[in-house]
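The chain contents come next:
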Amino acid sequence: MSGQLTTFVAEAIRMAVPYMACGLGAVLTERSGVVNIGLEGALGVSALCAAVGAIATGSGLVGLGAGVSGGAFYCLLHGVLVVRARVDAMVSGIALTMAAYGGGRVALRLLYGSASNSPKVPGLPGLESTSAVLRVVSEPALLVFGVAAGMLVLVLERTRLGLRLRASGDNEAAAEAAGVEVGATRLWASVLSGVACGLGGVHMVFDQRQYDAGMTGGRGFLALAAAILGRHRPGATLLACGGFAALEAAQIAWQDSLKLAPELVRLLPFVATMGLLMRGRSGMALARGRLWR
Amino acid sequence: MSEAVSRPSLPPGVRRGVWSVVVVLLLFDGLAFLAGEAPRVALLKALEGTWGTMYGLGQVIYKATPLLLTGLGFRVALRAGLFNIGVEGQLLLGSFAAGVVASRLPSSTPWPLGVLMSLGAAGVGGAGLGAVAGAMKVKFGAHEVIVTLLLNRIVEALVPYVLRRGVGVTGYRSGDAISGALLPRLEQLSEVFRGSAASLATVLALVVCLLVLRWERSSVTGREFGWVGLGAGVCEAQGIPGGRRLWQAMALSGGRAGLGASATVLGYKGYYELGLGAGAGFGGIAVAMLGQGSAVGLVGAALLLGTLQQAGLVLNASLPREAMDVLTAAVLVAASAGRGRR
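Respectively, the protein sequence lines represent chains V and Y. Here the first sequence is numbered in the numbering used here, starting from 6 and rising by one per residue. Here the second sequence is numbered in the numbering used here, starting from 2 and rising by one per residue.
Each hint should be verified, as a subset may be incorrect.
[Stated by the list, open to error] Examples of chain V residues toward chain Y, derived with CB under 10 Å:
no., residue
1, L129
2, L132
3, L229
[What the hints assert, rightly or not] Looking from chain V toward chain Y, a few residues come up when the C-beta cut is under 10 Å (computed):
no., residue
4, V14
5, A15
6, E45
7, L81
8, M95
9, G107
10, R114
11, T164
12, L166
13, A218
14, R236
15, G240
16, A241
17, L269
18, M279
No lab work stands behind these hints, which were simulated from the structure alone. Source: prediction; values computed, not measured. Backbone N, C-alpha and C define an ideal beta-carbon position, used for all residues, glycine too.
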C-alpha cells in the first residue's frame, strides 16, 4: 500500500471508535425513548475518568474501568434527570455537555495544574509493529470496544431487555400495558449507552496517551446525526459513523496534496450531514423522546 | 405539575428562583472546598467582587446583558415549540457581523446611525442563521436540535477562517469600530461605574426585553407564536400560517441572540475578537428556562448567571473559572426540573 493509503486506513479505523461508540450509545438510548444530546459530554467525562484513573494507579485496566463507569454514570444521571425528575431531555443533555466541558477544565487545573491537558496516561500495551494499521487494530481499547459493541447490538436485538427497550421507545403506553416498566427500562438503556460512550472515551485517551480539554471536538454531536442518518438501526448508524471517520482520516492523509484550508476540510462532515438531512425522512427519531409519566 | 397543590404555595417562579440559588450555593461550596479554599471565604470574596463594589456590579450588569438577549431569543423559539440550541452560534455570527460592519462603515457616519447599522448587521447575522435552521425544519423536517448543533460548529470554524482570510485586521479580531458605532459606557454617564465594561447596551437590552414581552402578549402575531407551539396542525386548520411562524420564530430567536453583540462588541471592546461573548448562548437557555415569561424573571435570571460569571473571574486564581459553567449547568437543570415536555 502506498504511504498515504496506509495512513488513511489506519487513521480511519482509529477515528471510527469514538464516533461508533457514541453512535451506538445514541441508538441504545433513543430506541428506548430517551434522547440524549449529552453524549458529547459523556464522551468527555469518560475520557477524563479514564485518564485520572490510569494516572492515579498507573494501571491501564483501572483506567478502562474508571472510564466506562464514568460514562455509564453520566448517562444514567441524564436518564434519572429525564425519567424521574422530569427535566426536558434537551435541557438535561445540553446542561450535561456544558458541565462536562467546564468540569474537564476544572479537573485538569486542580489535579494537574494545567489549563489544557493531562500528563502522559499509561494505557494498555498493544502490538509493537512497523505496520500502522496493525498497531491501530491491536490497541486493546479498540478490541474491547469491538467485543462490547457486538454484545450491545445483540442485547438490543436478541434479548428480552432489548425487546422491552425497543417497546418502551416505540409505544410506551402499549409497553406499560404489557407489563414493561418503562421508566426502569429507560434507565437501563441509559447505562448501556453510557458503557458504549465510555469505551469511546477510553479509546481516545489510551490512543493519544493523554487527555486534553477539547479532545471530543463535537464527535458526540456528529454521532447523534449519524444515528438519525442510520435511522437508529445499529448497523446503518455504525456505517454512518465510519463515514465520518473516513472523512476525518482523509483530511489527515491527504493534508498536503489538498489545497483547501484545514478548517474547511474539518467542516466537511458537518456540511455533509446538513446536506443529507435535507433528503427529508430524517425528521424524527429524535422527536420520539416523549416522557412516560 | 398540573395537579392541584394544596400546600401553602409560593408562586412557581419564585420557588424556582430560590431552588436555583440554593443549588448554586451548595455546589459552589463543594467546588470551593475541592479547590482547597474555605467555602465561606471564597463566597465572601465572590460576593465582594460582584455585588460588593460599584465596579463589580458594573461587570455583573455587563455580563448579564447578552444573557438577557440570548434568553429572550431562546424563549421565542421555545414558545413556538422549538429548542434552539443554536443561540450560541447565532450570537457568534451576529457579533462577528457587528464587528465587521462597525469597522467598515465610513468614519464620518454620525453616531446613532452607525450604532443602528451595526446592530442591524448583528440582528441580520443571527436571524439569518436561525432562519436556515427554521427552513430546514419546515421544508425538510430536519430536527432543529441536530441542525443547530451542526450550524454552531460550522460557524465556529468559518468565522476564524474568514477573519484570517483578510476580513479581520489579524487572524483573531476585526478592525476597530468607528466612533459613530460605539455605545457609550455607563462610566461616561456616572463616575460610580468607573472602569467597568457596562454600557448603554444594558439599557437597550432592557427596553428590547419589555417591548418584546409586551408584543408577544398583546399582538396577534406575537400570540400566534405561542399557539403554534401548542399545536401547529390546529393553527393551520384555523388559518394561521403554522409553518411560516415556525421558521419566523427561529429567525427572530437568532436575531435577538445576535443583538447580544451590542454589549460586547459595540459597548465594551469596540471590535470583535474570537471567543468574545462565547458561552452566553448556552447561558441564555438557562435564563429562559429560569425566567420564563416575566421581565422580572428574565432580568433576575440574567443577573444571577452574570454574577456567576463575574464571580468566576474574581476567584479564578484559586477556583478555575470554568467551575462556573458547571454551576450554570446546574441552574439550568434545577430550573427545569418537573417541566419536561409530555
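task: Could you tell me which of the hints above the structure violates, numbers in ascending order?
output: 1, 2, 4, 5, 7, 11, 12, 14, 15, 16
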